[in-house]
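Student: Chains as they are written, first to last, in our numbering: chain A, 126 to 439; chain Y, 2 to 338.
One thing to keep in mind: the hints can contain errors.
Derived lysine-lysine pairs resembling DSSO-like cross-links, with alpha carbons at most 30 Å apart [stated by the list, open to error]:
#, chain 1, residue 1, chain 2, residue 2
1, A, Lys190, A, Lys149
2, Y, Lys285, Y, Lys224
3, A, Lys239, A, Lys190
4, A, Lys317, Y, Lys224
5, A, Lys164, Y, Lys335
6, Y, Lys285, A, Lys379
7, A, Lys384, Y, Lys141
8, A, Lys317, A, Lys244
9, A, Lys383, Y, Lys282
10, A, Lys384, Y, Lys138
11, A, Lys317, Y, Lys335
On the chain Y side, residues computed to face chain A include the following (Cβ under 8 Å) [to be verified]:
#, residue
12, Met69
13, Val84
14, Thr87
15, Asn91
16, Asp214
17, Gly272
FYI, nobody ran anything at the bench for these hints, they're computed from the structure. Everything numeric in this text was worked out from a predicted model, so none of it was measured. Ideal Cβ positions, reconstructed from N, Cα and C, are used throughout, including at glycine.
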Amino acid sequence: MTELLTLDRISVDIPLDGGFLKPKTILQAVNDVSLTVSKGETLALVGESGSGKTTLGYVVAGLRKQTAGTVTFGSSQRNADGSPPVQVIFQDPFSALDPRMIVGEIVAEPLRLKGVSAKERLARAAEVLGQVGLPPEAAGRYPHQFSGGQRQRIAIARALIAEPEMIVAGEPLSALDVSIQSQVLNLLDDIKQQHGISYLFISHDLGVVRHLADRVAVLYLGRLMEVASRDDLFATPSHPYTQALLAAVPRIGKGRRKKEQILRGEMPSPLAPPSGCVFHTRCPRAQAICRETRPQLLPAPGRPTQLSACHFKD
Amino acid sequence: MQHAEQLVAGARTVASATSPSPLLDVRDLTVTFPGAAGPVQIVRGLNYSIARGETLGIVGESGCGKTMTSLALLGLVSGGGKVDGTIDFNGSNLVSFSQRQWQQLRGRDIAMIFQEPMTAMNPVMPVGRQIGEVLIKHQKLSRRQAEKRAVELLASVGIPSPARRAQDYPHQLSGGMRQRAMIAMALACRPRLLIADEPTTALDVTIQAQILDLMLTLQDEAKMSIQFISHNLAVVSEVAHSIMVMYAGKAVEYAPSDDLFANPLHPYTQGLIATLPDPDKQVKRLYVIPGRVTSGITVGCRFASRCPRADEGCRRTEPEFVEVAPGHHVACHKVGS
Chain A
126 MTELLTLDRI SVDIPLDGGF LKPKTILQAV NDVSLTVSKG ETLALVGESG
176 SGKTTLGYVV AGLRKQTAGT VTFGSSQRNA DGSPPVQVIF QDPFSALDPR
226 MIVGEIVAEP LRLKGVSAKE RLARAAEVLG QVGLPPEAAG RYPHQFSGGQ
276 RQRIAIARAL IAEPEMIVAG EPLSALDVSI QSQVLNLLDD IKQQHGISYL
326 FISHDLGVVR HLADRVAVLY LGRLMEVASR DDLFATPSHP YTQALLAAVP
376 RIGKGRRKKE QILRGEMPSP LAPPSGCVFH TRCPRAQAIC RETRPQLLPA
426 PGRPTQLSAC HFKD
Chain Y
2 MQHAEQLVAG ARTVASATSP SPLLDVRDLT VTFPGAAGPV QIVRGLNYSI
52 ARGETLGIVG ESGCGKTMTS LALLGLVSGG GKVDGTIDFN GSNLVSFSQR
102 QWQQLRGRDI AMIFQEPMTA MNPVMPVGRQ IGEVLIKHQK LSRRQAEKRA
152 VELLASVGIP SPARRAQDYP HQLSGGMRQR AMIAMALACR PRLLIADEPT
202 TALDVTIQAQ ILDLMLTLQD EAKMSIQFIS HNLAVVSEVA HSIMVMYAGK
252 AVEYAPSDDL FANPLHPYTQ GLIATLPDPD KQVKRLYVIP GRVTSGITVG
302 CRFASRCPRA DEGCRRTEPE FVEVAPGHHV ACHKVGS
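Take the sequences, apply the hints, and build the full model.
Tutor: Pasting the structure below:
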């Protein structure tokens, strides 16, 4: 398998100004994360708010510099500005599009940076708008004339026009109505099939992740808890945190969940992460060793490609 | 999968859907706003009831009128909106209430929690004091008594170190803790009806599970009724005894939860269920409800333009809302035909 993206021991520390006479503190947003994404593969990053999934996405997209570790692209292709062939789709399609530009200009902007002629830009913009299911006339209108789902399509068109090899998608569905979510999800699926694009798909919705991802990485307080193929992760989740996340997903017809299935407490402050395994403060299986020793990311019993960082993994 | 098995079935059953006197009985509720091209009915002809101690889930997409329905129950429809029909709450018709009567009712008998507590709470007043305000107004407690009671309430919704937290401002709490604090405030006067408008939408799934469990536990203790509004059918299925699905201001289906999921009849309900990506199974392609909500349809069925089964008749004549099985109502020409 050719790796398109290799993240090797990435850490991101964010210094916070403590204020007058207070010491500076360091927020460890991402801590020692290694992952790979191969060509045409979708890797989902899941975890609660504050798990570091968005920060890691920013590092891949070149929007934030890591403090340690290396990001390698196994591709010689580069964007116009020399950056790797990565484009981004954001959560909120309302703030991601310049309200004073017409859609044709918004979509074609990556080509303007490449020095493509105006005429060709227009032609390409019309083409990608068609690919995301918008009519050619859309190019002449302003973002406010479109619904949320259509705006997300415009953002996808803008990402596509640069012919990226990877798209970092940060919660691209969560601002959309349910009946629109499935439309956009199917579109992302089509694009993947047609263009062989890899996605780094950041989401808290495990239903969506199950539908789109090939592999899943579970993050907690900036650390990797589990990495596995989609099928392994959903069929036999190894890490207690993954199990808790799966149990928390609302499901039709299952009724009220049992008290003991509900993960207690909240994620501790990343300014003062717990010792040992960072999950031990909420983990139903925590023992003394969990408070003392950080578990390594190692294969789950009998499943060599399913990695789990837990002293008592399944 | 092990979790799926642990999730004990037992969707909440309706003990008394048609019990002699429901706490809330809404008949022909319509909310009309003036528009450029004449009056617009944002909510149109709703009929439903909520029994004591039970939960009604209202489901629909943005603009379907689910929030407006709740504002009508609190006398909070503003901007020139007019409420018609009857809202029978515990024997009185709220539609004819005066401003003064509303003020006595709100927060005492009917309380509401919102999606984003940060915008619903006062950012410059400590949380304990905000909860105390409600008690001072409705239960005539002194400030000292009220703040003591506020600490007890914060403890009852599972906030650790409640006495210290009571001194915190809303921004100092996490999203989950803010939502707990808002629930504490809503429950301060032991309301008979709690209206919860997307109360877990802004939260992580793990915290959502905690908050839903908290609401159900408090409901069991207080025998309170809940009107639970959400765009997410799965969330509603975990808490509601009966469910009303709304589309473009109208109820399209209304049934006990078990019936609705076992036998969804309206094409829109069927579509909503089918579009949800299921974490427990793999599908090749997700079902899509074509198009999007179009406003301003006044003739025929409002869902006709997106409906796979619609014909000329649907576009011409508005379907009646009829009871097709005990407690199961649906507005569709194609059901039973």
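Student: For every hint, state whether the structure bears it out.
Tutor: For each hint, the structure was consulted:
1. A:Lys190 - A:Lys149: holds (19 Å)
2. Y:Lys285 - Y:Lys224: Roughly 44 Å between the alpha carbons, so the hint for lysine 285 of chain Y and lysine 224 of chain Y is violated.
3. A:Lys239 - A:Lys190: holds (24 Å)
4. A:Lys317 - Y:Lys224: Status violated; Cα separation ~51 Å.
5. A:Lys164 - Y:Lys335: Status violated; Cα separation ~47 Å.
6. Y:Lys285 - A:Lys379: Answer holds: lysine 285 of chain Y to lysine 379 of chain A is near 23 Å, not above 30 Å.
7. A:Lys384 - Y:Lys141: Not satisfied, since the Cα-Cα distance of roughly 37 Å exceeds 30 Å.
8. A:Lys317 - A:Lys244: holds (28 Å)
9. A:Lys383 - Y:Lys282: holds (22 Å)
10. A:Lys384 - Y:Lys138: violated (35 Å)
11. A:Lys317 - Y:Lys335: Since the Cα atoms of lysine 317 of chain A and lysine 335 of chain Y sit roughly 38 Å apart, the hinted pair is violated (cutoff 30 Å).
12. Met69: Status violated, d = 17 Å.
13. Val84: violated (26 Å)
14. Thr87: violated (31 Å)
15. Asn91: This hint is violated: asparagine 91 of chain Y lies away from chain A, its Cβ roughly 27 Å from the closest one there, beyond 8 Å.
16. Asp214: holds (6 Å)
17. Gly272: Nearest chain A Cβ about 7 Å off; hint holds.
When the structure is compared with the earlier hints, violations turn up for hints 2, 4, 5, 7, 10, 11, 12, 13, 14 and 15 and for no others.
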